[in-house]
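Peer 1: Residue numbers (my numbering), protein chains in the order written: chain S, 1 to 261; chain Z, 1 to 379.
Since the hints were made in silico from the structure, they are not lab data. Being a predicted model, the structure only gives us computed values, none of them experimental. Virtual Cβ for every residue (Gly too), placed ideally from N, Cα, C. Keep in mind that the hints are not guaranteed to be accurate.
Taking lysine-lysine pairs in the PhoX-like style, the calculated list, with each CA pair at most 25 Å apart, reads [said to hold, decoys possible]:
{"hint": "1", "chain 1": "S", "residue 1": "Lys-198", "chain 2": "Z", "residue 2": "Lys-7"}
{"hint": "2", "chain 1": "Z", "residue 1": "Lys-25", "chain 2": "Z", "residue 2": "Lys-107"}
{"hint": "3", "chain 1": "Z", "residue 1": "Lys-273", "chain 2": "S", "residue 2": "Lys-17"}
{"hint": "4", "chain 1": "Z", "residue 1": "Lys-25", "chain 2": "S", "residue 2": "Lys-21"}
{"hint": "5", "chain 1": "S", "residue 1": "Lys-154", "chain 2": "S", "residue 2": "Lys-107"}
{"hint": "6", "chain 1": "S", "residue 1": "Lys-180", "chain 2": "Z", "residue 2": "Lys-25"}
{"hint": "7", "chain 1": "Z", "residue 1": "Lys-107", "chain 2": "S", "residue 2": "Lys-17"}
{"hint": "8", "chain 1": "Z", "residue 1": "Lys-44", "chain 2": "S", "residue 2": "Lys-49"}
{"hint": "9", "chain 1": "Z", "residue 1": "Lys-57", "chain 2": "S", "residue 2": "Lys-21"}
{"hint": "10", "chain 1": "Z", "residue 1": "Lys-57", "chain 2": "S", "residue 2": "Lys-49"}
{"hint": "11", "chain 1": "S", "residue 1": "Lys-202", "chain 2": "Z", "residue 2": "Lys-7"}
Pairwise CB distance ranges (calculated) [claimed, not checked]:
{"hint": "12", "chain 1": "S", "residue 1": "Pro-53", "chain 2": "Z", "residue 2": "Lys-266", "range": "48 to 54 Å"}
{"hint": "13", "chain 1": "S", "residue 1": "Thr-56", "chain 2": "Z", "residue 2": "Gln-58", "range": "47 to 53 Å"}
{"hint": "14", "chain 1": "Z", "residue 1": "Asp-287", "chain 2": "S", "residue 2": "Pro-31", "range": "53 to 59 Å"}
{"hint": "15", "chain 1": "Z", "residue 1": "Asn-47", "chain 2": "S", "residue 2": "Gly-237", "range": "40 to 46 Å"}
Chain by chain, the residues:
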Amino acid sequence: MKIIVCIKQVPDTTEVKLDPKTGRLIRDGVPSIINPDDKNALEEALRIKDNNPNTTVTVISMGPPQADVAMREALAMGADEAILISGREFGGSDTWATSYIIATAIKKIPDFDIILCGRQAIDGDTAQVGPQIAEQLNIPQITYVQNLVVEGDKVIAQRQLEDGYAVVEAKMPVLLTAIKELNIPRYMTPAGIFNAYKQEVKIWGFADVPVDPEKIGLKGSPTNVNRTFSPEAKGQGIMLEGADRASVKKLVDCLDEKHLL
Amino acid sequence: MDFNLSKEQELIRQLVHDFAENEVKPLAAEIDEQERFPRETVEKMANIGLFGINIPKQYGGAGGDYLSYIIAIEELAKVCATTAIILSAHNSLCCGPILTYGTEEQKQKYLVPLAKGEKLGAFGLTEPNAGTDSAAQQTVAVLDGDHWVINGSKCFITNGGQADVYVIFAMTDKAKGNKGISAFIVEKDAPGFSIGKIEHKLGIRASATAELIFEDCIIPKENLLGEVNKGFKVAMGTLDGGRIGVSAQALGIAEGAFDETVKYMKERVQFRKTLSSFQGLQWMCADMKCAIESAKLLVYRAAMCKQNGKSYTEEAAMAKLVAANTAMDVTTKCVQLHGGYGYSREYPIERMMRDAKITEIYEGTSQVQQMVISGRIFK
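If we strip away everything but chain Z, and leave its shape as in the complex, we get (with noise of 0.2 Å):
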């Protein structure tokens, strides 16, 4: 085994460490407290070219390998948690089922200027009834000589109303569950297609979680995304990515707070020493290193089995678990540990804490992961 990064990689983190201290760190307070979307920041991300790490060249990527881009969302989400999972809900979300499932045409017009980040890129599965039981959608999409027309509404979807392109789901055959849903592929500008209820959250709260609503809504017979009722597929395929993705940014928001709160230690004096030699607290950061490193092993291994076509369904929930579950718990003790300042919105703490929260919630909550992986021991 090589526990080691190739040297790409490694410049790789040292490429988004650079950025996302100087570009994204000085606006992840400010977006947070204004719930604004940082369109400025996706406008960079952009012209250097991380929008599409993983894409193969001829489809306007940069040709790179799958834990490069997990590398990327973790060193984001160390310092914002919302320019992250932008990243991840473009690139997992949207990028990955156009890639896998795509026909040609559909790449070139596609996942070409989303790769290339001109275009951004968003996912709709859940709906207010479909949530955990995504094989509950309502949606319904109907063929109609050369266009479909689809009909209902998505909720809670990230990059919604800032994406150009979202991959959606709808069922083709009511009477058939989940082996009746289909997927597709919707221009923002579809005639019929418009944003609804803008949510307001805990935490991530400059990323735009939007409903979308399909009111005879007209898409070319084209876009439909894979084959007629294989739609769940292609949801399941891609979540197992986007697991991956959000256990990275699960990582990435336990390491910055983890960090944040090694630097405070040894500056805060209380008693006339400093945290940091206290060795009651020496050994709460031992504890929350151990954890940080765990999960980071579990995030890495599911990033190298997707990367080497291996099978990652159970390494992508096993990953998911323990980084979300680590990211909830670190910034938890992180905020304990700065105390009253913690709690307050001087120090990026508290911030921290409320966006881990979602990490156990979205793409799978954490007792989806815990279904998935005991299904696998007992199957």
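Extracted from the complex, chain S is given alone in its bound form (with noise of 0.2 Å):
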């Protein structure tokens, strides 16, 4: 079996902090790394290897060349083969022009099973990649897989839904994308890493990629973004106490109030 997944460096925003004039962030030191959801995307693409010994992972990631590090990671991880996808040609890409590229890359990949991606990056949070470049390549998706199971030639997913779940089965070649309920990734192990960094991390640049100029980078891109923002914190919220007849019928007139009876 061939799984691809997909995976993006990015900054670990739970170290990043909010400059508080401007409003942006402020990424100066700010370590880089795995976007977690993409990591439950390699983790189960680890454990299908896990089970089928006869399984290639192969991690590809569109980024500036230090994201060389987040591919030796997954090296690390157990994955066996890593391309970035890397050129100044591609700066400025949003979601439609990024899954543009990477599914044109992926085309170059024969006969591939199953693509696993993360549900969305923690720095956009758009959650557009994946499920675009499974239209990019006309295969069926399933988004937030919460549970996976591989039978035959098909796959059996758990699609996890606001109040519950959907069982969703589709045929191979499929796109996957990830939600951290699938799986805990596991860890490096220090023998992966001495072997990652003797493995190659193979580059493609845009000769390699064969893309419509006219549909990458900033004029490739038909997305504006206006402004970014914090949203507002939500004030505190009123507490009821009591069990007697006054506080429900409080509670009723507060419910009433926000038309939620």
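Assemble the dimeric complex from its two separately framed chains, guided by the hints.
Peer 2: This is the structure in structure tokens:
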């Protein structure tokens, strides 16, 4: 079986602070990590590999050369191969252009069975690239996967919903997006780390990915970001105490006032 | 000179940092309180391959460099000094001498499972009357046909009672003093071998510290480690390496306490200001930071000397002397900066101060390190 895992290197937002004056992220000195949901995607691929020894796991990412360390980390966790799509021409791409570039690169990898992505990246929070790659490749997709079974030529996934889950079956090749409930990602191993730097991280530049130059970068990106801002914190809630008739009436009145009844 | 870590070393630090934060830190206070050896952590460390970082691949290790291993001890010690010494005693004091002095058969039989973490290792040199004067060994080994018969006892043995494999020392020629000591590999279920008293300690309370008792203990002839009567060299060479491990533990304790304290000082408000805004306290932190970074340079340099096959006896002694002193000094100040909360078990600082003390004592007291260093100056 051949599995492709799409990962993204992101700033560790738990370490990011907001500039109180401008409201912008202060990214200086913030460590970069593999996007958490993407680690769940990689872990799931590695688990499939643990159970099916003939499986190869290829990690693919688009980003600057510094993303090399994220690729090494993926190799140290147990991935077989790492491809970093990197080039100035790709800079400024929005999710649409990014998924076009990644899908075009994936077309160069023959006979893949599963593409695993994280649900969304913690820097942009769009959750768009995974589904768009599936659309670009014209393959089925199951998003928000919280449980996965591979059976013959199909996958059976639990797709998380707000108040439960749906069981969805799809034939391979298929794209899945992972959520954190899917698994607990494994640690790298020391042996994996020392091997990771002996392996090659393939760099695919503009010349290696047959994309239409008009459809990538800033000019190929239809998205315009007007403004980013932190949502205002909600005010404190109201606490009602007591079990008597008056308290219940007060509660009912409050709910009624907010048109919740 | 290059003061940068390699990319591999950076990733090792990230790995052990994450592991320590997620798996080790949550248990640190509890196992200290209960004086409970963290068997589950040992298993987790084995699963991800932390026990053989610097052991060659052909002997079951990860084939990494020595500084990577030292960084692992440092990262563990930042959150739990006990967990750090389990690794250090196993690797430096048990894997180390078998790798350096063992035969190929001994390496295959003992080093491979030790490096994989399938077995835990320990080292037994200290006796009730042979501490710093380690040449005054009273444990005796006599060759009887195809086996050795060992009689005597060891005390204060780290990982004692928990380990599967022990590197121990005994007199094989009493008349010759330290030239009559030999090293042996003893398995936990060797006939006549038993565990005696378990120590209750000031710090590293979850580390198993036990008495080893040998009563006509029988081990195969081939379990002699190195040559007959050359055991003192094995012991001293092993302790040189062990000292780098302990210096890394001390460094980690100091760093962990310092990080906790900086965090606390940013939060704790007195006189309507955070502690971090009082200049008198800021300067204490500046001095601590300098002491920590100085110790780190000595620890890493000692590790690099060992890694590069250079002599490192003096470097290891200096690293341990300075790092242990720094650990004690920094943790004491960190308790002070926490005030009453620092003295309380509500915060980890008092534990770190208790844990720091042992680094000035075991694997050669600070005074022994001064003897080693001054001996080189005036030789």
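Peer 1: Does each hint fit the structure? Answer for all of them.
Peer 2: Status of each hint after checking the structure:
| no. | hint | verdict |
| --- | --- | --- |
| 1 | S/Lys-198 x Z/Lys-7 | holds, 12 Å |
| 2 | Z/Lys-25 x Z/Lys-107 | violated, 33 Å |
| 3 | Z/Lys-273 x S/Lys-17 | holds, 21 Å |
| 4 | Z/Lys-25 x S/Lys-21 | violated, 36 Å |
| 5 | S/Lys-154 x S/Lys-107 | holds, 20 Å |
| 6 | S/Lys-180 x Z/Lys-25 | holds, 22 Å |
| 7 | Z/Lys-107 x S/Lys-17 | violated, 51 Å |
| 8 | Z/Lys-44 x S/Lys-49 | holds, 21 Å |
| 9 | Z/Lys-57 x S/Lys-21 | violated, 54 Å |
| 10 | Z/Lys-57 x S/Lys-49 | holds, 23 Å |
| 11 | S/Lys-202 x Z/Lys-7 | holds, 18 Å |
| 12 | S/Pro-53 x Z/Lys-266: 48 to 54 Å | holds, 50 Å |
| 13 | S/Thr-56 x Z/Gln-58: 47 to 53 Å | violated, 26 Å |
| 14 | Z/Asp-287 x S/Pro-31: 53 to 59 Å | violated, 27 Å |
| 15 | Z/Asn-47 x S/Gly-237: 40 to 46 Å | holds, 44 Å |
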